[in-house]
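Listed below are the residues making up each chain.
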Amino acid sequence: MKIKIKIKRFNPNEGEESREPYFQLYNVEAGEGMTVLDALLKIADEDDPTLSFRRSCRSAICGSCAVSINGHAKLACKTQILPERHKFGEILVEPLANHAVMKDLIVDFSPFWNKMSRVTPYLTPPPGRQEQADDVKITPADEAAIDRAQTCIMCGACNSECNALEIDPEYIAPAALAKAWRFVGDVREGEKQKRLERLSMEHGMWDCVRCVHCTEYCPKDVRPLKEIELLRSAAIGRGITDNHGAKHVESMTQSVKRVGRLDEAAMTFKTLGFLRSLGMIPFGLKMELHGKMPMPLIFSQIEGMDEVKTIFDEIEEKKKEKE
Amino acid sequence: MRAAIEAAKSGLNVALVTKVYPVRSHSVAAQGGINAALNPADSWENHAFDTVKGSDYLGDQDAIELLCREAPEDILALERMGAVWSRDFDGNIAQRPFGGAGYPRTCYLADRTGHGILHVLYEQVIRHGVIIYDEWHVVKLVVKDNAARGVIAIELKTGRLHRLHSKAAVIATGGYGRVYKTTTNALSSTGDGMGLALSAGAALMDMEFVQFHPTTLPRTGILITEGARGEGGYLLNSKGERFMEKYAPKVKELASRDVVSRAEQTEIDAGRGVDGCVLLDLRHLGAEKINERLPQIRDIAINFAGVDPIEKPIPVRPGAHYSMGGIMTDVNGMTAIAGLYAAGESACVSVHGANRLGGNSLLDAVVFGRRAGAAASEFCFQTAFPEFPDSSLKDAAHEVADILKRDGGEPAFIIRGEMTAAMENSCGVFRDKERLTKGLENIRELKERYKKVSLSDKSDCFNTELLAVVELGNMLDVAKAILIGAVNREESRGAHSRTDFPRRDDEKWLKHTLINKTNGELKISCKDVTITKYKPAERKY
Chain A
0 MKIKIKIKRF NPNEGEESRE PYFQLYNVEA GEGMTVLDAL LKIADEDDPT LSFRRSCRSA
60 ICGSCAVSIN GHAKLACKTQ ILPERHKFGE ILVEPLANHA VMKDLIVDFS PFWNKMSRVT
120 PYLTPPPGRQ EQADDVKITP ADEAAIDRAQ TCIMCGACNS ECNALEIDPE YIAPAALAKA
180 WRFVGDVREG EKQKRLERLS MEHGMWDCVR CVHCTEYCPK DVRPLKEIEL LRSAAIGRGI
240 TDNHGAKHVE SMTQSVKRVG RLDEAAMTFK TLGFLRSLGM IPFGLKMELH GKMPMPLIFS
300 QIEGMDEVKT IFDEIEEKKK EKE
Chain B
0 MRAAIEAAKS GLNVALVTKV YPVRSHSVAA QGGINAALNP ADSWENHAFD TVKGSDYLGD
60 QDAIELLCRE APEDILALER MGAVWSRDFD GNIAQRPFGG AGYPRTCYLA DRTGHGILHV
120 LYEQVIRHGV IIYDEWHVVK LVVKDNAARG VIAIELKTGR LHRLHSKAAV IATGGYGRVY
180 KTTTNALSST GDGMGLALSA GAALMDMEFV QFHPTTLPRT GILITEGARG EGGYLLNSKG
240 ERFMEKYAPK VKELASRDVV SRAEQTEIDA GRGVDGCVLL DLRHLGAEKI NERLPQIRDI
300 AINFAGVDPI EKPIPVRPGA HYSMGGIMTD VNGMTAIAGL YAAGESACVS VHGANRLGGN
360 SLLDAVVFGR RAGAAASEFC FQTAFPEFPD SSLKDAAHEV ADILKRDGGE PAFIIRGEMT
420 AAMENSCGVF RDKERLTKGL ENIRELKERY KKVSLSDKSD CFNTELLAVV ELGNMLDVAK
480 AILIGAVNRE ESRGAHSRTD FPRRDDEKWL KHTLINKTNG ELKISCKDVT ITKYKPAERK
540 Y
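Heads up: the sequence lines are chains A and B, in that order. Under numbering that gives the first Met the number 0, think of the first position of the first sequence as 0, with each following residue one higher. Under numbering that gives the first Met the number 0, think of the first position of the second sequence as 0, with each following residue one higher.
Read the hints as simulated data drawn from the structure, not as lab findings. Cβ coordinates follow ideal geometry from the N, Cα and C atoms, glycine included. Mixed in with the good hints there might be a few duds.
[As the list claims (entries may be wrong)] A few chain B residues facing chain A, derived, Cβ under 10 angstroms:
| hint | residue |
| --- | --- |
| 1 | GLU78 |
| 2 | PHE88 |
| 3 | GLU122 |
| 4 | LYS156 |
| 5 | ALA185 |
| 6 | SER458 |
[Unchecked claim] Quick list of simulated restraints, FRET-style, between CB atoms:
| hint | chain 1 | residue 1 | chain 2 | residue 2 | range |
| --- | --- | --- | --- | --- | --- |
| 7 | A | GLU313 | B | ASN12 | 56 to 66 angstroms |
| 8 | B | ASP144 | A | VAL186 | 50 to 60 angstroms |
| 9 | B | ILE413 | A | GLY70 | 57 to 67 angstroms |
| 10 | B | ASP406 | A | GLY30 | 32 to 42 angstroms |
| 11 | A | LYS321 | B | ASP274 | 50 to 60 angstroms |
| 12 | A | GLU201 | B | ASP394 | 47 to 57 angstroms |
| 13 | A | GLN192 | B | ALA420 | 20 to 30 angstroms |
| 14 | A | LYS1 | B | ALA335 | 46 to 56 angstroms |
| 15 | B | SER42 | A | VAL186 | 28 to 38 angstroms |
| 16 | B | GLY90 | A | LYS321 | 18 to 28 angstroms |
| 17 | A | ALA143 | B | HIS127 | 24 to 34 angstroms |
From just these sequences and the hints, can you work out the full model?
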């Protein structure tokens with residue numbers, strides 16, 4: 000069956016006037032089991048050798064071929080054409096989002112690698128343990144704690160889908176955070192405190208807006224959001240709370256404990272402090288204009304606070320059990 | 000990367016030049032594991048014996064002894080770097096049985112051991128400040144007066160040629176699976192280092208020994224790990240028989256790879272296959288074991304064969320997998336050219352001889368990668384900076400410009416398609432003189448046509464078509480070397496199975512094949528095998 004594949008193209012070398020990205024349509028003979036990567040290879044061989052894209056293992060383990068297919072990041076080698084077309088009615092292939100395009104489907108990955116480097120991506124055993132063999136026994140449970148983070152293939156799909164990265168290019172982003180957990184969660188690691196302190200700084204783990212896209216679109220089920228949550232819990236557990244993110248979480252907890260709901264005005268003060276909260280007044284006025292201001296500004300307790308208390312008590316109980 | 004880490008540790012200024020980013024290299028796809036005699040009930044001598052026997056006595060026994068003796072220490076070194084091995088309940092490193100091994104000595108990380116090791120090595124590369132020139136493709140090894148002077152590489156992003164002047168260079172470019180039509184290898188496994196080394200004057204050794212992995216998926220050639228059989232999987236023919244009982248009554252599915260591939264091919268040729276395949280049945284292992292030990296295999300079977308192994312057997316067939324041969328080196332990775340080293344699949348020490356055991360390739364890469372890195376550093380400390388011949392950059396630039404300039408010739412993919420088909424038909428699991436000679440003629444003709452190949456992409460930025468042409472040049476050289484060796488070796492040994500010479504002939508052929516390029520022609524010669532304490536005997540599983 001002939002199938003139309005639409006590909007977003009760009010070549011910085013072409014003449015001045017054609018320096019804008021454009022879409023090109025290809026017809027490909029597609030059969031059962033054919034992947035988008037198979038189609039790209041076929042096009043590059045038989046139809047248009049100028050089409051550029053990254054590829055290597057073609058079995059979803061090297062991480063080279065992540066592109067955007069019908070609007071979301073996917074591995075070209077793992078995405079079959081027929082089901083994809085059945086679902087979306089067409090096959091639209093574009094470069095990954097949140098990355099600068101260099102040519103056709105090839106994006107600039109250097110920010111990705113730089114962010115990896117920013118999380119000190121190697122095990123740092125405590126001093127004195129560096130060269131000793133096998134003195135820390137690792138149990139299957141220890142292995143399980145970091146197993147998901149370890150399966151990352153660095154394809155960049157999560158970063159491509161990340162809403163926080165779209166707003167702030169400096170944001171460390173989910174791939175590097177999953178990598179960070181791989182070390183913070185490792186029983187052999189000696190610098191957990193330092194790592195968590197660094198991750199709590201600006202552009203760090205607290206900038207995640209929990210949109211769950213990273214987890215939803217990860218082709219290897221790494222679930223970066225889970226790792227971000229583990230990192231955040233670990234940081235609060237170690238008392239690294241002098242930052243907006245941790246304060247926000249703490250004020251949220253307190254608010255629920257106190258009135259059984261989110262008291263947003265009070266939370267703003269607790270997260271940002273008094274002076275910075277004054278700076279939020281214009282924003283608050285704008286919210287009011289758009290009818291988005293929660294009213295009343297000061298909440299009374301909800302009914303059934305005794306149930307909320309029971310939940311908190313049980314959490315405390317569980318925490319103690321764990322310890 | 001293992002070599003780079005070792006060299007960087009010694010304080011040298013080290014760079015990695017790679018056509019893909021380091022975590023994309025094909026070791027990432029190694030699934031099953033890495034061998035080491037860790038258990039007190041096992042011994043490195045047993046590991047060495049299994050490797051010698053697996054090699055059909057063509058492996059050099061001094062090198063094999065060294066490999067097996069140093070293996071446990073390298074496993075622990077990887078763990079110290081951060082590798083996480085799958086564990087047993089007591090927290091010891093778990094080991095699984097593998098083909099051709101007399102003891103369960105394959106360490107693993109689920110079924111993504113290569114991925115685990117490659118990423119840990121990448122971490123250490125960053126830790127030791129190794130410079131990474133990623134997406135740079137080496138087009139020339141610069142050698143003058145039999146001494147390496149560095150390399151010339153094309154930066155894919157800009158199309159610019161760069162000279163990298165160095166005292167020493169280590170080639171670690173992996174295998175050449177892509178010269179075959181059906182292969183487990185990545186699209187990037189094009190034997191670049193072997194082609195470059197041959198052109199630079201180094202020798203290739205034992206190139207006729209190509210490992211065909213018994214369990215690859217039809218059409219794509221994607222690998223299903225030997226671990227699937229290690230965990231208890233059966234191979235069945237169309238009648239539902241466990242046919243390995245016939246070919247290797249003792250160890251059945253866990254005979255060494257050449258034996259299993261030949262058995263499968265025999266079944267398929269005798270009409271007892273299923274659409275050109277046999278069946279790998281894992282159903283009796285149960286969902287829990289499959290999900291825990293072989294999760295990636297389940298994903299691969301679902302995504303690439305449309306089969307859930309919990310419910311149905313997976314169709315598999317032999318596919319080109321590993322090159323036992325490669326650039327001839329000593330146990331320190333040194334080639335015949337001063338300052339030029341090689342390691343891993345691109346090298347031939349030789350520890351795998353005529354057939355490699357599963358779990359020994361990652362080990363080879365780690366042990367001899369480390370040794371090559373250390374030896375290259377040692378060499379650098381003792382050697383003055385050799386001068387870099389000025390003309391070499393200009394020559395390389397002319398060659399590239401010449402390819403870009405050509406018009407009206409045929410595109411590379413047609414030649415590549417004919418080459419891979421020729422290799423598959425003439426130099427597969429079973430070989431004979433007639434087919435091999437025809438294959439060789441085919442490749443000679445393709446090499447002529449290659450001289451006129453032309454491009455439609457003339458641009459500088461990520462010209463992947465140009466890269467494909469350069470790769471094809473290396474592949475044609477490699478294919479020719481494989482065929483010359485295969486025609487010449489008139490016996491059957493390990494993975495090289497001649498139907499016209501079905502017996503192993505130790506008297507005439509207990510020798511390595513060497514191939515050199517002189518004045519553009521490939522010349523063949525031979526070299527004795529080193530034998531220490533394991534006398535050649537008949538090989539039975």
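Structure-based check of each hint:
no. : hint                                       : in the structure
1   : GLU78                                      : holds, 7 angstroms
2   : PHE88                                      : holds, 7 angstroms
3   : GLU122                                     : holds, 4 angstroms
4   : LYS156                                     : holds, 7 angstroms
5   : ALA185                                     : holds, 4 angstroms
6   : SER458                                     : holds, 4 angstroms
7   : GLU313/A with ASN12/B: 56 to 66 angstroms  : holds, 59 angstroms
8   : ASP144/B with VAL186/A: 50 to 60 angstroms : holds, 54 angstroms
9   : ILE413/B with GLY70/A: 57 to 67 angstroms  : violated, 35 angstroms
10  : ASP406/B with GLY30/A: 32 to 42 angstroms  : holds, 34 angstroms
11  : LYS321/A with ASP274/B: 50 to 60 angstroms : holds, 54 angstroms
12  : GLU201/A with ASP394/B: 47 to 57 angstroms : holds, 51 angstroms
13  : GLN192/A with ALA420/B: 20 to 30 angstroms : violated, 60 angstroms
14  : LYS1/A with ALA335/B: 46 to 56 angstroms   : holds, 54 angstroms
15  : SER42/B with VAL186/A: 28 to 38 angstroms  : holds, 30 angstroms
16  : GLY90/B with LYS321/A: 18 to 28 angstroms  : holds, 21 angstroms
17  : ALA143/A with HIS127/B: 24 to 34 angstroms : holds, 30 angstroms
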